[in-house]
Structure formats: C-alpha cells, structure tokens
Amino acid sequence: MKKWIGKSENLAAYLFLAPFLIIYALFMVYPIIRGFFISFHTYQVGVEPIFTGLENYKTMIEDAYFWEALGNTLYFVVISTPVLIAIGLLMALLVNSKLKGTTFVRATFFLPFILSISVMASVWVFIFQPYTGLLTSILLSIGVEQDIFWLTDDVLAWMAILVATVWWTVGFNMILFLAGLQEIPREQYEAAEIDGAGPFRTFISITLPSLKSIIVLIVILQTINSFKLFGQPYLMTGGGPGTSTRPLVQYIYEKGFIEQQMGVASSMSYVLFFITIIFAFLQFKFFSRRNEEDK
Amino acid sequence: MRNVSVFTLMLLSLLFLVAGCSSDAGSGSTSGGESNTTKLTFWAPFSGGDADFMKAMVDDFNEQHEDIEVDYLTVTFDEYYTKLRTSVTSNQAPDIAIAHSSRIAELQSANLIESLDSPASKANLDWSTYNENVVNSAMVDNQHYGVPLDTHAEIMFVNKMLLDKAGVLNEEGLPVLGEGAEGFTEFLTQIKKSSGKEIFPLSSTSAGNQPRWIWWSLYSQLGGELLNEDGTKAAFNNEKGLQALEYMGGLIDQGLWPKNIQDGGELFLANRAGAHFNGVWMTGAIEQNEALDFVALPFPQLFDEPATWGDSHTFALPVNEKQTEEEKVAALKFADWIAEHAITWAEAGHIPSKTAVIESKEFQALPYRKDYAEIIDYVSFMPPSKDMTAINDLLGDQLSVFTNGGTSAQETLDILEKEVNKIIAN
Chain S
1 MKKWIGKSEN
11 LAAYLFLAPF
21 LIIYALFMVY
31 PIIRGFFISF
41 HTYQVGVEPI
51 FTGLENYKTM
61 IEDAYFWEAL
71 GNTLYFVVIS
81 TPVLIAIGLL
91 MALLVNSKLK
101 GTTFVRATFF
111 LPFILSISVM
121 ASVWVFIFQP
131 YTGLLTSILL
141 SIGVEQDIFW
151 LTDDVLAWMA
161 ILVATVWWTV
171 GFNMILFLAG
181 LQEIPREQYE
191 AAEIDGAGPF
201 RTFISITLPS
211 LKSIIVLIVI
221 LQTINSFKLF
231 GQPYLMTGGG
241 PGTSTRPLVQ
251 YIYEKGFIEQ
261 QMGVASSMSY
271 VLFFITIIFA
281 FLQFKFFSRR
291 NEEDK
Chain E
1 MRNVSVFTLM
11 LLSLLFLVAG
21 CSSDAGSGST
31 SGGESNTTKL
41 TFWAPFSGGD
51 ADFMKAMVDD
61 FNEQHEDIEV
71 DYLTVTFDEY
81 YTKLRTSVTS
91 NQAPDIAIAH
101 SSRIAELQSA
111 NLIESLDSPA
121 SKANLDWSTY
131 NENVVNSAMV
141 DNQHYGVPLD
151 THAEIMFVNK
161 MLLDKAGVLN
171 EEGLPVLGEG
181 AEGFTEFLTQ
191 IKKSSGKEIF
201 PLSSTSAGNQ
211 PRWIWWSLYS
221 QLGGELLNED
231 GTKAAFNNEK
241 GLQALEYMGG
251 LIDQGLWPKN
261 IQDGGELFLA
271 NRAGAHFNGV
281 WMTGAIEQNE
291 ALDFVALPFP
301 QLFDEPATWG
311 DSHTFALPVN
321 EKQTEEEKVA
331 ALKFADWIAE
341 HAITWAEAGH
351 IPSKTAVIES
361 KEFQALPYRK
371 DYAEIIDYVS
381 FMPPSKDMTA
391 INDLLGDQLS
401 VFTNGGTSAQ
411 ETLDILEKEV
421 NKIIAN
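Order-wise, the sequence lines are chains S and E.
The first sequence begins at 1 in the numbering used here and counts up by one.
The second sequence begins at 1 in the numbering used here and counts up by one.
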C-alpha cells in the first residue's frame with residue numbers, strides 16, 4: 001500500500017516535470033545529439049548529408065583560422081576572468097560598507113547588466129571609434145594629437161572589448177559576492193576588532209576565506225561565460241582588425257551560417273562543448289567536496 | 001528501473017510530437033480557394049529607406065492588381081539567407097524572394113531556387129527589356145535564376161567645397177582628375193595639401209567590404225579574373241592583382257586614405273572628406289544632408305578599362321513543392337512589374353535594371369542618379385561560384401588586415417590564394 005502511494009507521488013512529480021523535460025529534450029538534448037551526428041557529415045541545409053567520418057575534424061585541425069579563433073577565445077578568458085572577479089569583489093566590498101548612498105551605487109553598478117548587448121556595443125563603439133569617437137575627441141581637447149585606434153589595433157581592440165565587457169557584466173559578479181559577504185557572521189568581525197586587527201588583516205583572514213566557495217563558483221561561471229564570448233567583438237570590431245579579435249563562437253557562426261559548412265562548424269562546436277564540459281565537471285568536483293566538508 | 005520506463009514513455013510521446021510537427025504545417029502560400037485572387041508571399045532583406053521604398057511599390061502593385069495580392073515581409077539581412085534556406089527545406093518558402101546576384105550560384109547549387117525560364121515565358125517577361133550585363137549576373141548554365149531589380153555598385157562621391165578649396169574643381173562643378181592612377185593620386189594630394197589634419201582626402205571604411213570592393217574595382221579595370229575559367233582555382237595572385245593592391249597600399253602610406261577608418265560615410269557626411277568611395281545607396285542618405293555640397297560620379301577609371309564592383313538585387317523563385325505553376329507565373333508578373341516601376345526604387349540610389357526606366361524622364365529628372373547610371377553597362381560582378389559568400393568574407397577579412405598594415409600586398413595575395421583554393425576544394 002505504502003509502495004503504491006509512493007508510485008503515484010512519483011507519477012505526479014513526473015507530470016509536473018514533463019513540460020520542462022520535454023522542452024529540455026527537444027531544445028537541448030536533441031540538438032546536442034544532432035550536432036554530434038552532423039559533425040561527421042558534410043551538411044548543408046537543403047542538401048542530403050553525406051557521411052564523411054572524421055573529415056570535418058581533420059579540416060578543423062588543418063584550419064589556421066580555427067586555431068586563431070580558439071587562441072583568441074583563450075586569450076579573452078585569461079585576461080577577462082581575473083579582472084571581472086577582482087573588480088566584482090571590490091565593488092561588492094564598496095557597496096557592502098556602511099557608507100551612505102550604497103543602495104544607489106549598488107543599483108548603478110548593476111544597471112549596465114540589464115542592457116541588451118546591441119545597446120551596450122553601440123555605446124562603446126561611439127566612445128572608442130577613431131577620428132570621431134568620444135574618447136578621441138576628449139584626448140584631442142586636452143592636447144593629445146596622436147590618433148589612437150582603439151578598435152583597429154589588435155592589442156587595443158582587446159582592451160576595448162574587455163572594458164566594455166567589464167562595464168556590462170561585472171554587476172552580476174558583484175551581486176554574487178555581495179550575497180557571499182552578507183552571509184559572513186558579524187561576530188567574526190567583532191572578534192577581529194577586539195583582537196586589534198586592521199581592515200587589511202580582517203580582509204585577508206576573515207573575508208577572503210569565508211568567500212572561498214563563492215569565489216570558486218564565480219571563477220567557474222565566469223570562465224564558462226568568457227569561453228562563450230561572441231557578441232562584443234562581433235558588434236564592436238567585427239572580429240577585426242582582420243580576424244585578430246574573432247572568437248571561436250563567431251567563427252563557428254560564420255562557418256555554419258555564412259559559409260554553410262555545418263559539418264565543420266559542428267565539429268568546432270564540439271571542441272568548445274568539450275572545454276565547457278571540463279569546467280562544469282570541475283565545478284561539480286569542487287562543490288561536492290565542499291558539501292562533504294560541511295558535513 | 002521504473003524511472004527509466006517513465007522517461008522512455010516521455011521520449012515516445014515526444015517522438016509523436018516531433019512527427020506531428022514535421023508532417024504538414026502548411027506553407028505560407030495559398031492560392032485563394034473561392035476567389036480568383038492569387039496570394040503571394042514575398043521576402044526581402046531590406047532595411048531603412050530601402051524597405052520603405054519597396055513597401056510603397058508593393059502597395060502600389062496590390063492596388064493596381066485585382067488578381068494578385070502580395071504579402072511583403074522584411075527579414076533582417078544578417079539572418080536572411082539562413083532563413084531562406086531553412087524555409088525551403090521545411091517547405092515553407094515564400095513564393096518569391098529577393099536574392100543578390102552574387103548568391104545566385106550558391107543558392108542554385110544547393111537546389112534552393114528554380115530556373116525561371118519556363119514561368120517567365122508564360123508571364124510574358126521580356127529579358128531584352130533589362131540591361132544585359134545585369135541579367136547575365138543572375139544566370140547559371142545559360143538559364144535565368146533571377147529577375148534583376150537593380151544594380152548597386154561602387155561609385156565616387158566628392159565634396160565640392162573641399163575640392164574648390166584645393167583647386168581641383170572645374171567651372172562645371174566637376175572634379176579635375178588627371179590621367180589614370182597617377183592623376184588620381186595627384187588629385188588626392190592636392191586636397192591633402194590644401195587642408196588641415198582633420199580633412200580626409202579619401203574616406204572609405206578601412207575594414208570589411210570596402211577594401212574588397214575597391215580592390216575588385218581596380219583589379220577589374222586591369223582586366224583581372226577572380227577564379228580560373230571553370231571556377232576551380234583562384235586566379236588573382238598575379239601582376240594585376242598585385243598592382244591593384246599596391247596602388248591601394250600607396251594611398252594609405254601617403255596618408256591620402258588614412259588608416260583605420262571605422263565609418264567613412266560618416267566622415268564624408270560631416271564635410272570632412274574630399275572624396276569618398278561607397279555604394280550607390282549612399283546617394284539617398286547623403287542628399288538628406290543639406291549642409292553638404294556634393295557630386296556623385298562613377299568610380300574613376302585608373303587603369304585600362306572602365307569597371308567597378310557591383311551586385312544586383314534580383315527576384316528569385318525559392319523551391320516550393322506546393323507552389324502551383326499559376327503562382328509562379330503570378331510571382332514573375334509581380335517581379336517584372338516592380339522592375340518596370342523601379343523609379344521609386346531609384347530614389348534610394350540604386351540603378352534600375354530596365355533600360356526604359358533609366359531612359360525615362362522621371363529618372364533623368366532625379367538629381368545625381370543619372371550622373372552615374374552609365375556604370376550599369378560595365379559593372380563588374382563577382383563570378384558565379386557556389387562558394388562566393390565564403391570567398392567574399394575571406395577577401396573582406398584579409399584585405400582589411402592589409403589596409404590595417406598587417407600584411408604586405410604580396411603576402412596578402414599569397415594567403416588569399418591558398419585559402420580561396422581551400423574553400424573551393426571543400
């Protein structure tokens with residue numbers, strides 16, 4: 001009898017889960033499997049797929065532009081992740097302090113995050129564009145005669161993309177850090193104060209260790225997000241100058257939807273998928289270990 | 001185990017769902033059952049002014065035709081061709097759609113568009129009323145695949161005020177260009193000498209399409225070909241290709257075409273550029289600016305023969321099994337009617353494809369357009385190749401690296417030759 005009740009409860013649970021599971025299967029699981037299938041075929045929309053085995057992967061490995069795009073993506077991950085985390089933490093510390101007006105500052109810091117990417121990119125292109133941009137005009141007005149090409153020099157273009165990305169997304173990290181900061185028990189700080197610890201010592205010995213798990217979470221989320229970089233270079237530099245700021249996702253898009261080489265594009269997607277999986281796996285590892293420690 | 005079976009059940013129900021979706025969702029085209037009106041769906045990738053002009057033309061057509069009703073839909077350019085492809089494979093293709101002539105070979109090779117010859121003759125469409133050069137740009141294997149609406153080509157705009165200041169404007173208000181390439185360099189040098197740092201002798205965008213269009217115009221003037229005769233190999237890594245590219249490099253090195261221009265049109269609009277290369281569609285945008293006194297002219301002839309980069313908007317018939325012959329004929333009647341009434345379209349700056357429209361009083365009365373309409377006879381289209389989109393993208397990227405100073409002219413051509421051959425081989 002008891003067993004039967006358990007069964008019907010299960011059924012109800014599955015019924016409630018069904019809409020999600022169906023959509024998940026249709027739009028996540030199926031495309032993943034389908035993409036894997038396509039990566040072994042010559043595939044164009046409208047043309048019968050032809051099985052070619054590992055040919056697409058071979059084409060991909062021999063394609064210098066693929067390696068460049070992968071390199072660009074890794075470069076962005078390396079330069080953006082620490083900056084986004086450090087600034088996010090600093091901002092969280094600032095808005096968590098007992099200063100006046102932190103609610104307003106908090107909202108201001110978070111506000112860019114709600115903008116759509118096209119709006120964000122237009123704003124930053126307007127600031128960075130050569131000859132007529134806001135930044136160039138300001139520099140000219142203070143007597144800098146030298147033209148600086150923020151969007152068309154490969155080093156500066158990355159900086160421009162980084163600045164725009166930080167401005168746009170750092171608010172999210174700030175909110176996560178803020179949540180972490182507010183979970184730290186007040187008593188620990190009081191004890192530290194009694195012991196005569198200065199603000200720096202308190203930060204190193206109390207704040208940072210308490211934030212350990214949230215930092216791990218943000219590092220992983222941020223890394224995965226940075227790997228998925230697409231819109232910022234696509235809209236700000238077009239992947240240029242030339243192809244020097246073109247990330248992997250943009251190259252996959254161009255291969256698949258412009259060159260109509262869905263097969264090669266799918267095999268590249270699988271490389272990216274694999275990298276992302278590794279990070280998701282790391283996240284799982286870290287968090288399951290933490291939970292065990294908690295017990 | 002129980003869990004698994006529930007999951008299987010759900011997968012099964014999902015399969016039914018998918019099967020249900022793919023069977024028959026009905027196509028966009030329906031021939032009016034009881035009434036005698038043929039309803040057509042029409043897709044185009046136009047935005048801004050172009051979209052408004054097209055909308056006005058379609059509205060006129062609908063008003064004047066009892067038997068045909070066209071439903072016009074604009075799709076953003078970025079996703080237009082992808083959407084067109086998927087619509088054909090899912091049997092939801094529009095009855096008629098705009099396709100660039102540079103895409104015709106690609107669409108045809110993927111079996112996405114149909115030959116127009118049979119429905120065109122039933123619709124009494126007379127190809128000889130169209131400009132031959134443009135009609136040919138939309139042909140594959142001696143068959144018509146596109147009814148051309150226009151050509152939109154690279155032309156030159158000059159700023160009269162700045163040219164006058166530099167002493168390179170004659171009494172008729174036209175630029176004084178010396179002979180050939182040297183003459184043009186000299187012309188730009190005069191503008192540079194007479195103005196300060198904030199003036200650009202030539203302003204054209206330094207990345208993306210512009211470097212490709214300018215190189216292709218110059219290379220075509222030298223009589224160059226992009227691919228070999230059967231389209232299987234790159235054929236531009238030669239003296240002529242190098243000469244054209246080095247000329248561009250020279251302009252950049254001498255500061256006549258300053259590096260890293262993000263939006264050359266904007267500089268020209270702001271009265272900050274002497275000369276400007278851009279597509280004809282800029283005419284409609286530039287003439288809105290009353291503070292700008294300009295002339296629009298064909299792309300200057302710097303080498304052996306007149307030529308300029310160009311493409312063409314054409315009407316194509318996407319493959320649709322459910323489309324009746326009657327609908328096809330109606331679609332081509334519609335295309336032919338729009339081409340015949342393309343005077344509205346010319347307001348955007350495009351050159352109409354029908355000779356009679358160009359010769360009409362209305363067209364000749366439009367300012368600027370007639371000054372460059374002659375280029376329709378020598379516009380140099382990219383060759384028909386199923387890989388043209390990929391090749392164009394590659395050319396755009398790599399030539400931008402060159403204009404940015406990243407590679408030398410010879411290196412650029414070497415890289416391009418290798419990569420173009422790779423694309424074709426794939």
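Treat each hint with caution, since some may be false.
To spell it out: a stretch of chain E is covered by chain S in this simulated footprint if at least three of its residues, at any positions, have a beta carbon under 8 Å from a beta carbon of chain S; those stretches are [as the list claims (entries may be wrong)]:
no.	region
1	94-104
2	218-224
3	392-399
For each label pair, taking beta carbons as the anchor points, the in silico distance ranges come out as [said to hold, decoys possible]:
no.	chain 1	residue 1	chain 2	residue 2	range
4	S	F27	E	D67	37 to 45 Å
5	E	A56	S	I258	26 to 34 Å
6	E	D164	S	V78	47 to 55 Å
7	S	T52	E	L292	17 to 25 Å
8	E	D52	S	L115	22 to 30 Å
Derived by calculation from the structure, the hints in this document are not laboratory data.
Predicted, not measured: the structure shown is a model, and the values here were computed from it.
Note that beta-carbon positions come from the ideal geometry of N, C-alpha and C, so glycine has one too.
Structure-based check of each hint:
1. 94-104: violated (count 0)
2. 218-224: Per the Cβ count (0), the hint is violated.
3. 392-399: The restraint on the region 392-399 of chain E holds, since 3 of its residues have a Cβ under 8 Å from chain S and three suffice.
4. F27(S) x D67(E): 37 to 45 Å: Once the Cβ atoms are compared, 43 Å apart, the range 37 to 45 Å for D67(E) and F27(S) holds.
5. A56(E) x I258(S): 26 to 34 Å: Distance hint for A56(E), I258(S) holds at roughly 31 Å.
6. D164(E) x V78(S): 47 to 55 Å: With Cβ atoms ~54 Å apart, the hint holds.
7. T52(S) x L292(E): 17 to 25 Å: 55 Å, violated
8. D52(E) x L115(S): 22 to 30 Å: At roughly 28 Å between Cβ atoms, L115(S) and D52(E) fall inside 22 to 30 Å, so the hint holds.
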